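Asker: What follows is the residue order along each chain.
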Amino acid sequence: MKSESRDREIEVEGCDAVLPSPFSKIRSLNMQLTLEFGGGLELLCESVKVHKVNVDTPNEAEKLTMKDLLSWVSTNLIKERPEMFMKGDSVRPGVLVLVNDCDWELSGQLDTTLEEKDVVVFISTLHGG
Amino acid sequence: MVTNGGGSGDADVSRILSEIETLKVAKSDIERRISLLESQLCDTATTANIEGKSDAVSNGYCPLISAVHSNINHDLTPDSVYRYSRHLLLPSFGVQGQSNLLKSSILVVGAGGLGSPALLYLAACGVGRLGIVDHDVVELNNMHRQVVHTEAYIGQPKVKSAAATCRSYSDGIFCFVVSVLRSSDKEVFSRINSTIQIVEYQEALRTSNALEILSQYDIVVDATDNAPSRYMISDCCVVLGKPLVSGAALGLEGQLTVYNYNGGPCYRCLFPTPPPTTACQRCSDSGVLGVVPGIIGCLQALEAIKIASAVGEPLSGRMLLFDALSARIRIVKIRGRSSQCEVCGEDSAFTQQQFRNFDYEKFTRAPLSPLPLKLNLLPADSRISSKEYKEKIDNGESHVLVDVRPAHHFKIVSLPNSINVPLANLEARLPEISKALKEEEECKADNSDSGASLYVICRRGNDSQRAVQCLQKMGFNSARDIIGGLESWAHDVEPNFPTY
Ligand SMILES: [Zn+2]
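If you read the protein sequences in the order shown, they are chains U and W. Per UniProt numbering, numbering of the first sequence is gapless, rising by one per residue and ending at 129. Per UniProt numbering, numbering of the second sequence is gapless, rising by one per residue and ending at 500.
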């Protein structure tokens with residue numbers, strides 16, 4: 001998740017000359033993230049709750065958004081019943097998404113920009129008692 | 001055109017009914033206020049009495065305060081001072097916190113795994129009035145987590161059992177208070193025995209009774225076990241303006257938060273769309289480690305106590321996620337009240353009348369009082385009863401019995417000579433079934449002209465039907481399911497067969 005001021009910096013993308021020079025040549029960034037699944041969602045990824053992963057930003061993109069991450073997770077981690085994780089291009093109803101212990105509603109949902117070492121938690125709401 | 005002569009009459013009836021409902025809610029609100037004032041009056045009278053006639057409060061239950069020499073600036077009785085002394089000794093809780101608690105009322109919906117510990121602590125801590133709602137009965141296979149119940153109450157209503165236990169915790173509270181009856185300028189003192197009031201609601205919470213019940217309490221604790229109840233209770237709390245302490249537990253995980261508190265979000269702000277029914281696992285299917293709801297239920301009691309006593313910072317706008325296996329508790333920040341929320345949002349006009357008419361079972365596609373699913377997928381000739389299966393065994397019919405439950409279920413108990421092929425792996429393991437059938441046919445080749453039969457069993461008779469559908473599609477035309485599964489075997493054939 002980026003601060004607002006850094007988000008504004010990104011808005012000038014496509015104009016190479018304005019970007020800081022060390023980044024101007026990088027076409028794809030590799031980002032280390034911790035992904036956690038809970039509330040039964042871990043059953044969709046072979047019952048493993050914590051995944052330390054390296055995710056590449058999409059081609060030509062300088063940032064990784066939650067939208068990118070969701071599609072990466074669907075392709076690489078979800079092994080069964082994908083409909084229990086995704087609905088359309090977002091998570092299914094009843095799944096809370098937390099970026100660094102904060103509801104993704106507060107950081108822009110699918111547009112949330114991720115940073116190196118971010119922790120993303122996917123948790124299904126429980127109803128039992 | 002055929003007109004219904006009763007048309008305008010019907011409209012009248014519904015108008016009158018609606019007015020009655022509105023008045024009932026107003027009535028219960030007034031009753032609540034009256035009882036609050038009465039308890040204040042009693043407490044004030046007690047203090048007055050302590051300062052006046054000390055003999056009126058001597059009861060031998062706690063060290064007698066020499067009232068004449070004591071200077072008491074609060075409304076706690078001497079017995080309350082003694083009983084709750086450890087609360088009073090907490091600088092951040094103290095007399096004011098306890099006094100607030102004694103005047104508060106808390107409703108716990110659900111006397112199960114979450115409700116049990118919540119009720120125990122709420123009854124013990126000195127909540128003024130404690131309501132319990134549950135329609136279910138006590139069962140032995142729930143007692144590993146529903147610790148408010150005792151074996152003596154198996155088969156009896158949970159509410160009755162829970163109330164009895166709670167009373168055993170609070171009956172010792174003999175605060176002899178004095179009610180003041182003013183008549184013709186004379187003060188008449190009479191002793192009443194005021195214990196913590198436990199109110200039993202031996203019924204399922206529905207839209208038809210929820211407003212009336214919830215309106216009589218300051219705080220609501222959601223200790224239910226299903227999605228429609230959770231939406232219904234949250235909506236009702238929004239309509240009535242009550243804070244809601246919501247907990248949930250399943251397997252080895254728990255979740256906790258406080259909704260509709262001080263401008264915070266409601267359940268629908270977080271979950272505007274209900275989850276698919278397949279995502280709503282139940283303890284009776286997925287299992288639950290007893291202590292996990294125990295921990296969440298205790299935390300629910302804690303949050304309710306904090307709100308009731310006006311001490312501390314309730315878990316509003318935050319959610320606690322508990323993972324027992326990894327021993328981790330994570331507290332996360334969740335969204336605030338959503339302006340677009342259909343129930344608590346700025347433009348929402350969700351009224352009591354709309355609440356009464358809302359169909360929560362339809363909304364969540366799940367029943368408020370979940371019963372075990374009973375599928376009927378197969379024609380009668382593809383099914384046999386457990387009794388018929390028993391006859392086939394007794395007649396020595398050559399057959400193979402496939403148990404399609406998950407392996408950890410099979411380990412609990414299984415029928416002799418059954419082979420375990422879980423439904424999830426059925427297609428991949430068809431060769432095993434073919435092999436078993438062939439072996440069976442070979443060893444009983446002498447007395448059968450048609451091949452060995454294939455029977456499929458599971459826990460309750462749902463997965464076995466799915467398995468038979470699959471098997472028939474794959475060419476095992478003789479496959480048949482045993483109706484009602486192992487439960488019916490235990491019920492109709494072998495009463496000592498373990499059930500779970
Ligand atoms: Zn809301």
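I should point out that these hints are in silico values taken from the structure, not numbers from a laboratory. Predicted model, so just to flag it, every value in this text is computed and none were measured. A few of these clues could be false.
[Stated by the list, open to error] In silico lysine-lysine, DSS-like type, Cα no more than 25 Å apart, as pairs:
(1) K103/W x K390/W
(2) K87/U x K333/W
(3) K63/U x K87/U
(4) K387/W x K333/W
(5) K387/W x K374/W
(6) K333/W x K117/U
(7) K435/W x K49/U
(8) K27/W x K242/W
(9) K306/W x K242/W
(10) K473/W x K67/U
(11) K435/W x K374/W
(12) K87/U x K67/U
(13) K52/U x K67/U
(14) K117/U x K49/U
(15) K117/U x K52/U
(16) K362/W x K374/W
(17) K333/W x K52/U
(18) K87/U x K242/W
Asker: Name the hints, by number, that the structure is in violation of.
Answerer: 1, 4, 7, 10, 11, 18
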